[in-house]
Amino acid sequence: MPALADHRNETRDTLARRLCDEFGSFPSDAVHRCVADVQACMAHLGLEATPDRVERMAREQLTGILKSRPPSGRAPAGGAADRTDG
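Residue numbers (the numbering used here): 1 to 86.
FYI, nobody ran anything at the bench for these hints, they're computed from the structure. All of these numbers come straight from a predicted model, not from anything done at the bench. A few of these clues could be false.
[As the list claims (entries may be wrong)] Straight-line alpha carbon distances no greater than 20 Å define the calculated EDC-like cross-link-like pairs of lysine to aspartate or glutamate that follow:
# : residue 1 : residue 2
1 : Lys-67    : Asp-13
2 : Lys-67    : Glu-10
3 : Lys-67    : Glu-48
[Said to hold, decoys possible] Label-pair distances were calculated between CB atoms; the ranges are:
#  : residue 1 : residue 2 : range
4  : Gly-64    : Arg-17    : 16 to 26 Å
5  : Gly-46    : Arg-69    : 15 to 25 Å
6  : Arg-69    : Asp-37    : 18 to 28 Å
7  : Arg-33    : Arg-69    : 32 to 42 Å
8  : Pro-27    : Glu-60    : 31 to 41 Å
9  : Arg-53    : Ala-30    : 16 to 26 Å
10 : Gly-24    : Pro-71    : 16 to 26 Å
Positions of the beta carbon are idealized from the N, C-alpha and C atoms, including for glycine.
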């Protein structure tokens, strides 16, 4: 079974690197942990943890975290910080 575990780790690392590129504002260890958690949760629930499913679910988790930040914690978009009222 070690070969199967090695393949799973390689797949997880590949997915995490891809998501790190997409979610550059997150620390890479947080993205790696998210991918590992999603994979473990799917296996725990008896779902087939295919690379596509794991990537999709991890992306949804990271997107949710990103969108849940309060406006004061987000970076200004489109020069909104340059605007003055009055």
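Okay, the hints, checked on the actual structure:
no., hint, result
1, Lys-67 <-> Asp-13, "violated, 24 Å"
2, Lys-67 <-> Glu-10, "violated, 29 Å"
3, Lys-67 <-> Glu-48, "violated, 28 Å"
4, Gly-64 <-> Arg-17: 16 to 26 Å, "holds, 21 Å"
5, Gly-46 <-> Arg-69: 15 to 25 Å, "violated, 33 Å"
6, Arg-69 <-> Asp-37: 18 to 28 Å, "holds, 19 Å"
7, Arg-33 <-> Arg-69: 32 to 42 Å, "violated, 18 Å"
8, Pro-27 <-> Glu-60: 31 to 41 Å, "violated, 19 Å"
9, Arg-53 <-> Ala-30: 16 to 26 Å, "holds, 20 Å"
10, Gly-24 <-> Pro-71: 16 to 26 Å, "holds, 20 Å"
The structure does not agree with the numbered hints 1, 2, 3, 5, 7 and 8 stated previously, though it agrees with the rest.
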